[in-house]
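Going by the working numbering, the first residue of the sequence shown is number -8, and it counts up by one from there.
Hints listed in this document are in silico derivations from the structure and should not be mistaken for laboratory results.
Check before you lean on any hint, since a few could be wrong.
Straight-line distance between alpha carbons at most 20 Å, and here's what the computed EDC-like set of lysine to aspartate or glutamate pairs gives [unchecked claim]:
| # | residue 1 | residue 2 |
| --- | --- | --- |
| 1 | K86 | D76 |
| 2 | K137 | D157 |
| 3 | K27 | E45 |
| 4 | K111 | D153 |
| 5 | K111 | E81 |
| 6 | K168 | E97 |
| 7 | K130 | D157 |
| 8 | K168 | D233 |
| 9 | K89 | D53 |
| 10 | K70 | D95 |
| 11 | K180 | E207 |
| 12 | K130 | E97 |
| 13 | K111 | D76 |
| 14 | K130 | E81 |
| 15 | K27 | D76 |
| 16 | K111 | E134 |
| 17 | K176 | E81 |
| 18 | K70 | E42 |
| 19 | K59 | D78 |
| 20 | K70 | D28 |
| 21 | K176 | E207 |
Every value quoted in this text rests on a predicted model; they were computed, and no experiment measured them.
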Amino acid sequence: SSGRAASMAPQQPMCFRLRQSRLGVGILHAFAVASKDGPMSAVLSRVTCIEISECQAVAWPDLKEILKCLPSITTLVLKGNPWLDDDIVEQICIKYNKALRYVDLENTLVTDNSLHHMAKKCPHLQSLIVNHCRNIGNKGFAELRKVSLRSLMLSHSTECDDASVDVVLSNSGNLHKLRFINCPKLTDKTIIALFESAVSWGSKRNERSANLVSLEIAGNPSITHHSLLYLSTAVPKIGMLDLSDCPAVR
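With the hints as constraints, model all of the structure from the sequences given.
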């Protein structure tokens, strides 16, 4: 009976990770064989996370063959890959569309078009990481108004400004974590946007940031101590606040 109970227990999700490596013939062959085997195919269906990070020699045709064997991906981590582009992101969004919840594109050359593809094809996207993505600007951030993010992580962006953040805040009603580190164009207006949002007749109290529990805005020289006046009211549930390396906060 204990064996029967174990077989009836829910199966834990799995993650496939490849870091600083390459997709050799052996890996591709193993996936091809496993996908045609009943029990192994069932195991592959439990893989909900795929991470391929800093893998210089990966080619899209090889990655595509692996993704064919992984039908249940909800978490996608592709950081630090020089070969990743908007076309590949679009193909991945087409394949997993409504299933994708978490995407990490840190330190890649993707552009605003990648955010367009995700916002259009992945309506249930919850978490997005675009640290060190220098080709993403205001047009890309404007696309994020189409999804209800819980977490947005962004750092070292010379393009992100107050208007970009305001669009995200005004249209994401379930934000829990925000990170804007070393974004020199951000000012106190970003903090004020947590408190109130602009409307046609002026401004109104913004309650959509009420669930925010983590706010990291370190390394932004134009954010001052005046913004602190808004934080206690704007984000009553805040548990982690990082204002380090903001010289105007004193």
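Tell me the hint numbers this structure goes against, listed in increasing order.
3, 4, 9, 15, 17, 20
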